[in-house]
Amino acid sequence: GAVVSQHPSWVICKSGTSVKIECRSLDFQATTMFWYRQFPKQSLMLMATSNEGSKATYEQGVEKDKFLINHASLTLSTLTVTSAHPEDSSFYICSARVGDTGELFFGEGSRLTVL
Amino acid sequence: GEDVEQSLFLSVREGDSSVINCTYTDSSSTYLYWYKQEPGAGLQLLTYIFSNMDMKQDQRLTVLLNKKDKHLSLRIADTQTGDSAIYFCAETGLTGGGNKLTFGTGTQLKVEL
Chain Z
1 GAVVSQHPSW
11 VICKSGTSVK
21 IECRSLDFQA
31 TTMFWYRQFP
41 KQSLMLMATS
51 NEGSKATYEQ
61 GVEKDKFLIN
71 HASLTLSTLT
81 VTSAHPEDSS
91 FYICSARVGD
101 TGELFFGEGS
111 RLTVL
Chain V
1001 GEDVEQSLFL
1011 SVREGDSSVI
1021 NCTYTDSSST
1031 YLYWYKQEPG
1041 AGLQLLTYIF
1051 SNMDMKQDQR
1061 LTVLLNKKDK
1071 HLSLRIADTQ
1081 TGDSAIYFCA
1091 ETGLTGGGNK
1101 LTFGTGTQLK
1111 VEL
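Here the protein sequences line up with chains Z and V, keeping their order.
Going by my numbering, the first residue of the first sequence is number 1, and it counts up by one from there.
Going by my numbering, the first residue of the second sequence is number 1001, and it counts up by one from there.
Hints are computed from structural coordinates only; laboratory data are not their basis.
Warning: the hint list may mix true and false statements.
[To be verified] List of simulated lysine-lysine pairs, DSS-like, C-alpha gap at most 30 Å:
#	chain 1	residue 1	chain 2	residue 2
1	V	Lys1100	Z	Lys66
2	V	Lys1110	Z	Lys41
3	Z	Lys41	V	Lys1067
4	Z	Lys20	V	Lys1100
5	Z	Lys41	V	Lys1100
6	V	Lys1056	V	Lys1110
7	V	Lys1100	Z	Lys55
8	V	Lys1056	Z	Lys41
9	Z	Lys64	Z	Lys41
10	Z	Lys66	Z	Lys14
11	Z	Lys41	V	Lys1036
12	Z	Lys20	V	Lys1036
13	V	Lys1070	Z	Lys41
14	V	Lys1100	Z	Lys64
Input sequences plus hints: build the corresponding full structure.
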């Protein structure tokens, strides 16, 4: 199947700093990528839909200025957690759609710990 | 909004069958999915079923869909220790133009020797 890679897989940062997480589709072009957040022992919550060349579409309750999403190319979307605080600690997962089939391929996830 | 519910935990013995259940509320669901998540990893698509089907079999996996009751199940035959993971059901409906996946709470499957 298609491969989606995230980097870094694990990051620890101090409160107040910004952290960037990359999501790459390695063997296909993805016009649409999705960012999810997963709390411990909970399901995935869709944060935003990232569209190549345009602004991301955020889900209700997700702060746009807090979670900056950039989809600069057909193979790369980035999520920047700005001025991170301990409550932003979570597992962030991206996914990318192959064409219009509806099938999504997920990255390995990035665990963010804010001290 | 749409809601997808699963039981939180299931424990089975190796070699037995596992059945993971899921209920959903979105009557416009078009595709329903089962994903597997191993510790610290992303999600792996196991299988999916279109809403006009009531059963799909793929090797050890059998998906049953009762659209009337909005009930989806995943049966894993001859469960192995490598099947231990969290299993999420998910659905897409008409919300968000069919792009939005709504996930269940996840069922942790533990396979014991």
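A quick look at each hint next to the structure:
1. Lys1100/V x Lys66/Z: Cα-Cα ~21 Å, so holds.
2. Lys1110/V x Lys41/Z: Given that 30 Å is the threshold and the Cα spacing comes to 14 Å, the pair holds.
3. Lys41/Z x Lys1067/V: Since the Cα atoms of Lys41/Z and Lys1067/V sit roughly 28 Å apart, the hinted pair holds (cutoff 30 Å).
4. Lys20/Z x Lys1100/V: holds, 24 Å
5. Lys41/Z x Lys1100/V: Roughly 21 Å between the alpha carbons, so the hint for Lys41/Z and Lys1100/V holds.
6. Lys1056/V x Lys1110/V: holds, 24 Å
7. Lys1100/V x Lys55/Z: holds, 17 Å
8. Lys1056/V x Lys41/Z: holds, 28 Å
9. Lys64/Z x Lys41/Z: Measuring from Cα to Cα gives roughly 25 Å; hence the hint holds.
10. Lys66/Z x Lys14/Z: With Cα atoms ~16 Å apart, Lys66/Z and Lys14/Z stay inside 30 Å; holds.
11. Lys41/Z x Lys1036/V: OK: Lys41/Z and Lys1036/V at ~14 Å, within 30 Å.
12. Lys20/Z x Lys1036/V: holds, 26 Å
13. Lys1070/V x Lys41/Z: Holds. Lys1070/V to Lys41/Z sits at ~24 Å (cutoff 30 Å).
14. Lys1100/V x Lys64/Z: holds, 18 Å
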